[in-house]
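Listed below are the residues making up each chain.
2 protein chains.
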Amino acid sequence: MSKIATATKRLLVGRPFRSDRLSHTLLPKRIALPVFASDPMSSVAYAPEEILLTLSVAGLSAYAFSLWIGVVVVVVMLAVVASYRQNVRAYPSGGGDYEVATVNHGRRWGLVVASALLVDYILTVAVSISSAAANIGAVVSFVNEHKVLFAVAAIVVLAAVNLRGIRESGSAFAIPTYAFVFGILSMIIYGLVRVIVLGQDVRAESAHFEIAENSEHLAGIGFAFLVLRAFSSGSAALTGVEAISNGVPAFRKPKSKNAATTLLLMGVIAVTMFMGLLVLAHVSGAVIVEDTAHLVGAPAGYEQKTLVAQLAAAVFAGFPPAVWYIVFFTGLILVLAANTAFNGFPVLGSILAKDRFLPRQLLTRGDRLTFSNGIIFLAGFATILVIAFDAEVTRLIQLYIVGVFVSFVLSQSGMIRHWNRLLRTETDPLARRRMRRSQAINSFGLFMTAAVLIIVLITKFLLGAWIAIAAMVVIYLLMTAIRKHYDRVAEELAALDGSPTVLPSRNHAIVLVSKLHLPTMRALAYAKAMRPDVLEAVTVNVDDAETRQLAADWEAKGFKVPLKVVESPYREITRPVLDYVKRVRGDNPRDVVTVFIPEYVVGRWWEQLLHNQSALRLKGRLLFQPGVMVTSVPWQLASSAKAVRRAARTRPAAGDVRRGFIEDGAAGNGAGKDGGK
Amino acid sequence: MSKIATATKRLLVGRPFRSDRLSHTLLPKRIALPVFASDPMSSVAYAPEEILLTLSVAGLSAYAFSLWIGVVVVVVMLAVVASYRQNVRAYPSGGGDYEVATVNHGRRWGLVVASALLVDYILTVAVSISSAAANIGAVVSFVNEHKVLFAVAAIVVLAAVNLRGIRESGSAFAIPTYAFVFGILSMIIYGLVRVIVLGQDVRAESAHFEIAENSEHLAGIGFAFLVLRAFSSGSAALTGVEAISNGVPAFRKPKSKNAATTLLLMGVIAVTMFMGLLVLAHVSGAVIVEDTAHLVGAPAGYEQKTLVAQLAAAVFAGFPPAVWYIVFFTGLILVLAANTAFNGFPVLGSILAKDRFLPRQLLTRGDRLTFSNGIIFLAGFATILVIAFDAEVTRLIQLYIVGVFVSFVLSQSGMIRHWNRLLRTETDPLARRRMRRSQAINSFGLFMTAAVLIIVLITKFLLGAWIAIAAMVVIYLLMTAIRKHYDRVAEELAALDGSPTVLPSRNHAIVLVSKLHLPTMRALAYAKAMRPDVLEAVTVNVDDAETRQLAADWEAKGFKVPLKVVESPYREITRPVLDYVKRVRGDNPRDVVTVFIPEYVVGRWWEQLLHNQSALRLKGRLLFQPGVMVTSVPWQLASSAKAVRRAARTRPAAGDVRRGFIEDGAAGNGAGKDGGK
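Those sequence lines, one after another, are chains Y and F.
Here the first sequence is numbered in this note's numbering, starting from 4 and rising by one per residue.
Here the second sequence is numbered in this note's numbering, starting from 4 and rising by one per residue.
Derived from the structure by calculation, the hints contain no laboratory data.
Hints may contain errors.
Any copy will do: because identical chains look the same in the list, a pair fits if it lies in one copy or spans two.
[Stated by the list, open to error] Each computed DSSO-like pair below joins lysine-lysine, with the alpha-carbon atoms no more than 30 Å apart:
1. Lys-518 x Lys-567
2. Lys-560 x Lys-357
3. Lys-32 x Lys-357
4. Lys-563 x Lys-531
5. Lys-531 x Lys-567
6. Lys-585 x Lys-531
7. Lys-563 x Lys-260
8. Lys-32 x Lys-645
9. Lys-260 x Lys-32
10. Lys-32 x Lys-256
11. Lys-518 x Lys-357
12. Lys-260 x Lys-585
13. Lys-256 x Lys-560
14. Lys-32 x Lys-487
15. Lys-518 x Lys-32
16. Lys-585 x Lys-563
17. Lys-585 x Lys-567
18. Lys-357 x Lys-150
19. Lys-518 x Lys-487
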């Protein structure tokens with residue numbers, strides 16, 4: 004917090020009042036890596052496979068291109084990693100691509116990035132869970148037979164866990180992520196050692212299959228186009244790289260440097276696994292096709308396993324535990340990657356809410372209701388996608404990559420502008436050289452990602468990318484409309500000079516009475532303490548006998564406050580009170596009418612159903628009357644104490660860890676404390 | 004309204020304030036008959052058929068008993084009608100069986116009646132709609148093939164119409180009901196004229212079928228038992244007779260006399276149609292079986308039509324429009340009968356709510372939310388029943404009759420006690436003789452209905468009546484629990500002497516500020532006008548830059564009210580404010596804290612989503628703090644005017660007509676006006 008702000012505040016406040024029970028716990032690199040890298044690393048579980056699968060349309064001979072395609076993907080990957088290392092240094096505030104695009108290209112392009120990222124979150128869930136189903140299905144045949152069911156169940160469980168609030172911790176990410184990396188790298192090394200050093204024959208179960216002629220299909224699209232499409236699918240390996248740029252504030256100091264180092268580490272590991280799997284697929288001769296009907300030599304009823312499962316079975320032949328290990332941790336990291344979307348949504352949502360493109364409620368961490376709506380929204384659309392595309396990774400991936408690369412391209416081009424702007428004022432030659440170097444890196448990143456985006460658009464548009472683009476357009480328009488509404492309201496509210504607020508001349512207080520019980524007595528006492536100009540009690544006659552009794556009791560008590568009876572032949576409460584208040588106010592338009600409503604407060608949800616509904620509705624309706632204030636005078640019943648205790652427990656919210664929020668005392672992992680910003 | 008009450012009120016109020024835009028429009032007999040009789044009259048569409056169907060198990064020869072069973076049902080029907088004529092005279096207030104049982108047998112038995120009636124409403128919907136599907140299915144084969152779908156769709160439409168609020172009018176009931184009565188009576192007369200006078204051969208399409216031997220089934224239950232069971236099913240003709248006793252207040256004066264006359268008229272018409280159909284079935288030789296597999300001589304794929312449809316086809320052979328007319332109006336009156344349940348539920352619900360056995364919100368007509376829950380509840384359970392029993396009237400009817408007769412028996416026995424009580428004090432010999440006569444009628448009614456109840460329990464218990472009984476028990480226990488809760492709360496609130504309410508010593512006012520806009524200015528002005536002992540403004544620091552700007556603006560305005568800044572490092576609003584308020588109150592426990600919340604009010608539902616959620620939540624949480632009042636200071640945005648206009652339109656509520664509520668000016672049918680009670 005800046006010094007000036009603190010000084011201004013001290014002036015007005017005296018001592019500041021702090022309410023935080025949460026504290027910032029910043030992440031060391033070894034924990035930050037798994038927290039942010041589960042998404043990009045998990046994509047090696049399907050990206051290499053998708054390359055082979057797409058190439059299979061042109062027959063086995065086309066597989067020769069897989070390694071070259073892999074190399075290009077690696078180059079793009081490294082270019083993107085290098086570019087984002089510039090981003091995290093230049094924008095350490097955690098706004099990520101949305102901030103970079105907004106600052107450098109203006110609000111509209113920022114919104115395009117935001118739309119792309121929101122679509123991306125939905126697809127991350129759908130693709131990751133579908134891939135998890137396929138991988139686990141390779142060893143558990145029940146899952147294989149009910150992929151869609153498994154995927155939908157997994158999404159529901161993830162949503163439920165995030166709705167309930169789970170305490171994310173670094174170790175929850177660290178163990179599976181490191182176990183996955185260890186497993187995949189071990190498999191690659193052991194496999195290559197067996198082949199190259201020991202000269203053993205490591206053959207995938209599908210190695211002896213041939214692929215049937217499928218030339219008519221190929222003729223329709225052309226071989227070059229097919230290679231480009233395979234490259235597009237392989238580019239799925241890059242999804243999630245941008246996540247770290249949203250999480251810089253959660254790193255330990257020096258934040259930017261640590262984030263950049265972690266990014267590089269992640270890039271190197273991901274690239275190694277990705278290339279390693281392609282090489283291993285090559286030497287083991289694994290055959291992956293889009294449609295097993297085109298396989299020649301496969302037994303009847305052959306179920307094609309995922310590439311990772313086939314490679315594990317080939318490398319660790321005769322030692323099933325190692326196979327199960329690989330498959331289990333592959334499935335687990337994919338589920339973690341899906342969970343990333345559930346965590347990322349509220350983070351991006353709160354940034355967008357701050358700029359009033361989404362409902363303001365998303366801004367505050369405490370709003371569980373809105374927050375829950377976001378999770379349900381995400382889970383709902385992911386479920387629709389999974390069902391619509393039969394939980395087939397190959398079909399879902401056609402939609403996936405557009406959003407990511409739109410965001411990459413706008414972010415990198417934004418960075419080029421960023422450096423141009425800085426260069427305009429910078430005179431120190433050393434600094435200028437550094438900036439020029441950064442700009443060159445971002446330019447290379449822009450060139451690579453723009454090329455990929457064009458290739459993706461050309462090769463994938465009709466296969467499904469149009470759906471993602473259409474969704475982006477809808478979200479963009481929705482966010483624009485929300486912003487327009489907020490602006491209009493702000494304008495209407497800000498007319499401070501036009502209509503000076505005058506002090507009301509008199510205060511006419513009305514205490515609503517239904518029975519003569521403690522809440523009423525308290526409301527009456529409070530209303531008296533306000534010393535209004537006029538004070539009267541009003542009751543609605545819903546039942547003649549009860550009203551008569553109330554009037555008699557009222558007289559007996561000698562309150563010196565008149566009790567007016569409002570007739571309601573149809574046993575309504577709201578309308579008679581509204582009409583009465585309107586009449587009172589109508590007589591003296593400069594008066595203000597204060598309506599005191601005695602309420603009793605209960606603690607259990609089912610008690611809420613039995614009470615206070617009419618008070619709530621009445622309050623809502625009274626607010627529409629000009630010149631009327633509504634004062635609730637609560638009476639706490641014994642059971643309300645339960646609700647207070649319940650509310651005192653802070654429940655964790657999804658995305659806390661990546662924003663650096665951890666409950667006091669729950670900060671494990673030996674992470675150092677850092678009291679505040 | 005009693006004179007004493009009015010006098011008491013005048014004393015306190017001056018002139019009464021009336022808010023009613025609805026007026027009572029009382030029903031003449033010719034309109035009251037169709038309004039209340041659609042349910043009991045519609046049951047002739049299935050009751051005669053069920054008698055034949057049950058007897059068919061014993062073969063065609065058993066059909067001879069159908070006329071005798073019909074005669075007994077008619078006798079019971081007339082006994083019940085005569086009994087209820089005593090009820091409406093003795094209890095003209097519209098409480099019906101629930102009131103009679105409560106007053107004479109005590110609360111517990113009243114609750115039993117209420118449970119029975121609630122179960123009955125659900126079954127009325129399920130049975131009537133299923134029968135409508137069967138009747139319409141007789142001419143529309145699509146409906147016949149998709150009976151369950153049709154029934155569920157019909158329930159959904161009925162629920163939607165009642166949720167939306169439809170203006171019931173007498174004519175909406177009158178036309179279909181009179182058309183149905185006219186059609187059925189014409190069919191009976193024309194059919195009998197053709198057979199008896201003209202000597203023509205009127206044969207049903209099923210007349211030449213035989214029923215296959217089914218003796219092993221019969222042996223299991225015994226013939227006498229079967230006849231009793233057929234009688235039980237035939238007693239379904241009596242359902243709905245009690246409806247008029249709930250609607251006496253809606254009749255024109257002399258209410259009781261008119262209601263009694265209408266009841267008699269309804270009984271005579273229903274009995275005539277019921278017996279006429281049985282006779283016509285006898286002369287036309289119609290064969291109805293439970294399972295068409297037992298039919299001998301039927302063509303392959305024979306679809307059994309309803310009795311009414313078969314009779315219409317036989318009587319009006321060669322003139323299809325008359326057949327369509329009968330089937331159409333039979334279907335329509337059955338749908339109207341189902342609608343009766345949707346109207347009756349809120350009426351009974353409000354009576355039960357008045358006695359605090361159901362949530363109090365059901366008491367007030369205006370509470371659309373709770374009211375809607377009731378409709379959804381009713382439609383939901385009816386749908387479950389229709390699906391579970393395949394929309395088969397024969398299976399549903401086994402559950403139906405228990406509730407009705409439980410209610411009959413308790414009501415009639417209550418009436419006997421009623422007369423005993425009156426006889427104890429009455430000395431006038433003429434009046435005593437009249438009471439004795441009424442008591443004798445009720446005693447006969449009790450005898451008949453008790454006998455039927457026992458027969459129904461014996462013959463139907465295992466066939467499904469146990470489900471209805473179990474549901475009654477559950478509802479009974481639920482209502483008891485609700486009452487217990489309300490009693491406990493009332494006790495807790497009523498401790499008036501134990502803790503005298505003292506006037507608070509000081510008023511500490513807090514104005515919550517988020518921005519410096521018109522709502523804030525108004526809240527500040529209002530708070531000043533309250534002349535509190537301490538007045539301060541409080542803002543939550545969610546964003547440093549915004550807070551700094553606010554503090555600067557505040558100082559510039561020179562408000563003379565200090566602005567305190569409450570820190571919220573995690574961008575929460577509720578908790579920091581709660582903690583601050585708790586601290587203020589903690590310093591001076593005899594103080595009262597008034598929190599002024601500026602709110603802006605919008606008019607469209609989607610605007611509600613974008614605003615005020617945090618204010619609403621904050622208000623809800625503040626109410627749990629002892630010694631805190633919450634005052635909403637509204638600012639009406641331009642769009643809020645729309646909501647005011649929308650709310651000004653009174654939407655009709657289900658059950659209005661039978662309670663005598665009709666919107667001013669919408670009272671058609673030439674019904675006379677009667678300004679109030």
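Can you tell me if Lys-32 and Lys-645 fall within 30 Å by alpha carbon in one copy, between copies, both or neither? neither (41 Å within a copy, 56 Å between copies)
Given identical chains, is Lys-518 near Lys-567, meaning Cα to Cα at most 30 Å, within a copy, between copies, both, or neither? Close inside one copy (13 Å), not across copies (39 Å); limit 30 Å.
Checking Lys-518 and Lys-357: alpha-carbon separation at most 30 Å within a copy, between copies, both or neither? Between copies, since 14 Å is at most 30 Å while 45 Å is not.
Pop the pair Lys-260 and Lys-32 into one bin, within, between, both or neither, using alpha-carbon distances up to 30 Å. Intra 10 Å, inter 89 Å, cutoff 30 Å: intra-copy only.
Up to 30 Å between alpha-carbons, please classify Lys-518 paired with Lys-487: within, between, both or neither. This pair counts as between: shortest inter-copy Cα distance 18 Å, intra-copy 47 Å.
Within a copy, between copies, both or neither: which one fits Lys-563 and Lys-531 at a CA-CA cutoff of 30 Å? Answer is both; intra-copy 11 Å and inter-copy 26 Å each pass.
Which holds for Lys-585 with Lys-563 at a C-alpha limit of 30 Å: within a copy, between copies, both or neither? within (24 Å within a copy, 33 Å between copies)
Evaluate Lys-518 and Lys-32 at a C-alpha cut-off of 30 Å and name the case that applies: within, between, both or neither. neither (64 Å within a copy, 40 Å between copies)
Could you figure out if Lys-563 and Lys-260 sit no more than 30 Å apart (CA to CA) within one copy, between two copies, both or neither? neither (73 Å within a copy, 48 Å between copies)
Quick one: Lys-32 to Lys-357, C-alpha cut-off 30 Å, is that within a copy, between copies, both, or neither? within (29 Å within a copy, 65 Å between copies)
Evaluate Lys-32 and Lys-487 at a C-alpha cut-off of 30 Å and name the case that applies: within, between, both or neither. Answer is neither; intra-copy 41 Å and inter-copy 59 Å both fail.
Since the copies are identical, ignore which copy is meant and state whether Lys-585 and Lys-567 lie within 30 Å (CA to CA) inside a copy, between copies, both or neither. within (15 Å within a copy, 35 Å between copies)
The structure does not agree with the numbered hints 7, 8, 12, 13, 14, 15 and 18 stated previously, though it agrees with the rest.
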